[in-house]
Amino acid sequence: DIKPSNLVACRMGVAVDFVKILDFGLVKLASEEGSGQLNLTSPNVTTGTPAFMAPEVALGNRPVDRRADLYALGCVAYWLLTGRTPFEAPTAVAMLMQHVQDDVRAPSEVSELAIPPELDRIVLDCLAKHPDDRPNDAAALYRRLAECPVPDPWDRDRALEWWNLHLAEHSLEAGAPEAAFSAGWKIAVPREGEPGGV
Numbered sequence: 138d139i140k141p142s143n144l145v146a147c148r149m150g151v152a153v154d155f156v157k158i159l160d161f162g163l164v165k166l167a168s169e170e171g172s173g174q175l176n177l178t179s180p181n182v183t184t185g186t187p188a189f190m191a192p193e194v195a196l197g198n199r200p201v202d203r204r205a206d207l208y209a210l211g212c213v214a215y216w217l218l219t220g221r222t223p224f225e226a227p228t229a230v231a232m233l234m235q236h237v238q239d240d241v242r243a244p245s246e247v248s249e250l251a252i253p254p255e256l257d258r259i260v261l262d263c264l265a266k267h268p269d270d271r272p273n274d275a276a277a278l279y280r281r282l283a284e285c286p287v288p289d290p291w292d293r294d295r296a297l298e299w300w301n302l303h304l305a306e307h308s309l310e311a312g313a314p315e316a317a318f319s320a321g322w323k324i325a326v327p328r329e330g331e332p333g334g335v
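Those letters in the sequence shown? Residues 138 to 335, by the numbering used here.
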């Protein structure tokens, strides 16, 4: 279940940052002969976090593979760039239907940050409704991200300033994310009952 509260940014030594994915509770390994498909609990049962759920997972009637995780990662990227999830709705079912049917606005249309068009395109490609229109795998996504220009330097102080500003702005709104920055840069958020944690 890829979502902000299951991701922790860490440091290796003094120079290298990396992200650990926590909570593999929904995963069943694909068979070695296999289909390469990810199986979620049981057929016709939708399990996961609605704010970060790929359309094929939401529908529960299509094959699901690694590209569902890339969709969820696109949702996380969207949240990191804009401070909100790609879709917001009053109920879990309404949010799932948005993932299945609605077009998402580009991050650059929602955020005041200067988001390069290349990064906009990558996030929107990850959020494509059909898995075949997303990057094929994490390696392909990594290569595209590595080629993106960085418009401004970004460091811990700027990140903390940005989150403090946005947490203050959204503290009165339902679904406000929370961010905690420690020495290890822990990223936490949507709680149960909020759009991301329904």
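These are calculated hints, taken from the structure and not from any lab test.
Incorrect hints may have been included.
[What the hints assert, rightly or not] Beta-carbon label-pair distances, calculated as ranges:
#1 E246 with V287: 18 to 24 Å
#2 E255 with R203: 20 to 26 Å
#3 L159 with A277: 23 to 29 Å
[What the hints assert, rightly or not] Taking lysine to aspartate or glutamate and the EDC-like style, the derived pairs with C-alpha atoms no more than 20 Å apart in a straight line are:
#4 K157 with D239
#5 K266 with D289
#6 K266 with D239
#7 K266 with E193
#8 K266 with D294
#9 K157 with E225
#10 K266 with E225
#11 K157 with D240
Glycine residues also receive a C-beta, built at the ideal position from the N, C-alpha and C atoms.
Hints, one by one, checked against the model:
1. E246 with V287: 18 to 24 Å: 20 Å Cβ-Cβ, so the 18 to 24 Å window holds.
2. E255 with R203: 20 to 26 Å: holds (23 Å)
3. L159 with A277: 23 to 29 Å: This hint holds: roughly 24 Å between Cβ atoms.
4. K157 with D239: Roughly 30 Å between the alpha carbons, so the hint for K157 and D239 is violated.
5. K266 with D289: violated (31 Å)
6. K266 with D239: holds (9 Å)
7. K266 with E193: holds (8 Å)
8. K266 with D294: The given pair, whose Cα atoms are some 36 Å apart, is violated under the 20 Å limit.
9. K157 with E225: violated (26 Å)
10. K266 with E225: Satisfied, since the Cα-Cα distance of roughly 17 Å is no more than 20 Å.
11. K157 with D240: violated (30 Å)
Of the hints listed earlier, those the structure fails to meet are numbers 4, 5, 8, 9 and 11, in rising order.
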